[in-house]
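For the protein sequence lines, the chains are L and A, in the order given.
Here my numbering is used: position 303 in the first sequence is 454, and no number is missing along the way.
Here my numbering is used: position 242 in the second sequence is 441, and no number is missing along the way.
Since the hints were derived computationally from the structure, they do not count as laboratory data.
In this text, a Cβ means the ideal position worked out from N, Cα and C, and glycines have one as well.
Estimated spans, in silico, between C-beta atoms of each pair: (1) Ala167/L to His337/A: 24 to 32 Å; (2) Lys559/L to His337/A: 49 to 57 Å; (3) Asp429/L to Ala285/A: 33 to 41 Å; (4) Ala601/A to Phe413/L: 50 to 58 Å; (5) Ser288/A to Gly184/L: 37 to 45 Å; (6) Ala459/L to Asp595/A: 51 to 59 Å.
Sample of chain A residues lacking proximity to chain L, with all beta carbon distances greater than 10 Å (derived): (7) Ser455; (8) Arg575; (9) Glu598.
Partner residues are not named here, just some residues of chain L that face chain A (Cβ under 10 Å, in silico): (10) Ala389; (11) Gln391; (12) Gly392; (13) Leu418; (14) Gly446; (15) Ala451; (16) Ala452; (17) Leu467; (18) Ser473; (19) Asp475.
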Amino acid sequence: MAEFSTEVYQNEFLPAGGTDVHAVVSITCSGAGEAGRGSDGEAAEIIVIDTSGSMAGDKVRAAQQAAAAAVDQILDGTWFAIVVGTDGADRLFPYPNAVSPMVRMESGARAAAKQAIGRIQAGGGTAIGSWLRLTKRLFQSTPQATQRHAILLTDGQNQSETEAVLAAAIAEAKGLFQCDCRGVGADWNVAELRGVATALLGTVDLIPSAADMPAAFETLMRQAMGRGVSDATLRVWAPQGAQVLFVRQVAPQVEDLTNRRFDVNPLTVGFPTGAWGDESRDFHVAVRLAAKPIGSEQLAARAQLVVADQVVTQGLVKALWSDDDALTTRINPAVAHYTGQAELAEVIQEGLAAKASGDEATATVKLGRAVQLAQATGNDEATARLRKVVDVEDAGAGTVRLKRNVDKLDEMALDTSSTKTTRVKR
Amino acid sequence: MNPVLQVCPACQAPVSAGELFCEGCGADLAAAGSGAGTGIAVPVPGGASAPTEGTGSGSGSGAPSPGDPAAAGGSAVLVDAPDLTAQASLCPSCGSSEAPDGYCGHCGTPVPLPRDHWREQPAPWVAAVCDRGIRHPHNEDAVAVAATTAADGFAALVVCDGVSSSRGSDVASLAAVRAALDVLTGRVSRPTAPALPVPAPVSAPGLPVPAPAVPPGSAAVEGAAAGNAAVAGGPGSADPGPGSGSPKPGTISGASRAGQLAELLVRSGIAANDAVVATAGDPPAANPPSCTFVAAVVEDGLLVAGWAGDSRAYWLPDDGLPEQVSADDSWAGEAVAAGIPREDAERAPHAHAITRWLGVDAPDPAPRTAARALDRAGWVLVCSDGLWNYCSAAPDLRELVADTVRLAGPDPARLASALVDWAKQQGGHDNITVALARVTPAPAAG
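My request is simple: use the sequences and hints to build the entire structure.
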């Protein structure tokens, strides 16, 4: 049985007239078990491989190995299918003439799937929206599988359909399955794939070279199979008259949840968080209250995780109004840390976007601020990645110069990893 | 009518024993009938009232109040143990009935569960407040106090602090304080032949053994045997012991009285330990509940404290030397005893690691004891670390109490509430319990 626990990090003391309460709510799951083995439905996995013309050669061979490595990680009994995508999408396995659109994994199916993978050939365009549509149809054909997850691999941009078509396909897939996206090489568009992953509660990452693909797929699928809690919702209650300013996941990566928000009841909003394995996720919750007199206490928020309509863990965010400056001026280290990390992600993405559009002045300011924040929050990984894109003159002051002849892969690595946060030292 | 109410039934404002109308809303407290607290009189020997049930039953179940304690000539020992199993009341701010976790489900105003915050005031000079604090989700502290109405009579104050790393420590600590109070208020076997190995007469190492000048014998002592049967029945009821039937009034010196009170405290601690062990289940759970223990008895110009762990008893005279009477059974306490400055010891990372406690795995549950002569006016303060974490040294604590008296007044219930609020304003990192007895100078001997 999965067990959940919650810790709240905040300074609950507000000064006279203070209204805004910030807290980091850290939720930990342990004993999650394996996907599809719980009481809440079976699991299904679909592997989506880009087989456009640009994949020809080393990349398609690496993609074949990667798909096979992922198939090896799929637990017996899990429903699965493999989709190949070009300017349209085809079901590679089960074979197009098979009766069932998805099959349960067992040794025979595993061997047959690998044979099919061996016959993959590259050729054609890239229309990611059509890949998502077929994936959605396959999942919907298997309603007994309620925990649905896909891995999508591409090496290029969405050239064979319009942005609007992709956006519509993402909207249709939302809430029906989760999707982790991986881009190989330097020719894909980080923002485009991030749009898919974010909407479908997944991650986006760069696979720098074809040789890294099998290991990346193996890891992704193993993680997916370790998510024994099929679906959980974060609920945030705030008192009558209060306003939830924002709810943001801040670890293991920054994810603004605002667009996922739905109303549970007049005082409670919900945010889907997808499947959970043995892991911790931290959320930054900000609530605006009506100020109360010195000495008053009020509950500012209840942060709850809900699985199968049951509250499995809860954290209380509090507000106490005090006239003691020593208490009210203190900034909680976790809140400060993650506020910095969230801004770091934002300025990296904005800086790279400005650079791409030729606005070097803005890019220099934003990336300079990023260097400053990465140093201040102790994010050494981000600092190292930033140094491949800018020359740092003064990290503390955030003064930098844009490097000339930057390797495109270094820029993309900086972009994809911008949302990954370091945990606060507790 | 109940002589002791805890809160106004109309507006939930705290009210004191004997008040006829609520200061907050003017509600007629006499007409209101039953408050959250239930006063149960336990007679001391020779008292006029006839109790029907043992003390500290935990819910005051069915025990009728004997009426005006004055009828017992002020010598009845009263307890004021509220029913802590009751559901939370309506939200004082918006009237919503939903308060799933100590806060209103509609407006977020604190609506404490009875177990999370309560107050006892068995007599005008004795009161206690036990509170969850701010950071902890549960209140694992517990308190139980008893006193005669007369301020120069008898008082017992017991505090236990549940160890939050064990489950069920809130249940255990409450069982412990009430079992201990049963023994202390029973006072059934005093004087008695020592049935237990009691360090004689006062055991705290390094602390002076007092020889208080107290009048030999008293009404309470003389009638000890008579009260015995009347109060038996509580879970921690004391074994009368072989010598209990033959008190020798007029032969008991102050020092031996201190020794007898010390023995009583030891037995109350062992009863508390038995109560904690009983909550652990059989066989005990993997991580059985445990708690600290501190109890203080005030009688006839004498204070005797007994403890295991780091909950504390202080004697804070209005003038003269304020003292921590207990000596922490903790890493820091042992370090202080070994000569390390208090501030340094209490700042150490494992300062709070306690070396003695009550529970299945207790190394030695028998409390250590110490006594002091109460020869002047002052406060006896018994508390958990939720208070003393923010004000540890006795002189500082006396100053804090004096400052708080200036703001909140001298009523011990208001003072205890104000001290708890002060600790919450300091951060409220732990549960907070404050029990107070206002000592007035003992009457001249004779």
